[in-house]
Amino acid sequence: MGYELVMVELTGSSSGGQVLRAFIDAPGGILLEDCEQVSRQVSAILDVEDPIKGEYSLEVSSPGVDRPLVRPEHFHRFQGSQVKVLMREA
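Numbering (numbering that gives the first Met the number 0), first residue to last: 0 to 89.
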């Protein structure tokens with residue numbers, strides 16, 4: 000499909016179910032149509048494999064501007080961009 004899976008989260012929701020969040024990216028960025036396409040395909044796989052017990056909802060989105068940079072290619076992609084560094088004590 001040409002997308003990078005940046006991160007996956009499985010969290011509880013206020014309604015008692017679970018939320019599976021998939022963050023995707025691509026060299027040219029992500030459009031709403033990309034999220035819809037990935038959501039349909041992932042949903043079809045999850046319906047067959049059924050790896051999550053109980054009710055859950057699936058959310059697919061781009062990682063956003065506050066995304067974590069974790070792989071070397073992430074740093075290369077944003078090379079030359081302005082950054083804000085926050086320090087915190089361990």
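Check the hints yourself; a few may be wrong.
Below, simulated SDA-like cross-link-like pairs (lysine to any residue); rule was C-alpha separation at most 20 angstroms, straight line [what the hints assert, rightly or not]:
1. K52 with S42
2. K52 with R66
3. K52 with V7
4. K52 with Q17
5. K83 with S38
6. K83 with S42
7. K52 with S13
8. K52 with P71
9. K52 with M0
10. K52 with V41
11. K52 with P62
12. K52 with E72
13. K83 with S56
14. K52 with K83
15. K52 with G15
None of these hints come from the bench; they were simulated from the model.
Checklist entry - So which of those numbered hints doesn't the model satisfy? => result Hints 2, 5, 6, 8, 9, 11, 12, 13 and 14 contradicted; others consistent.
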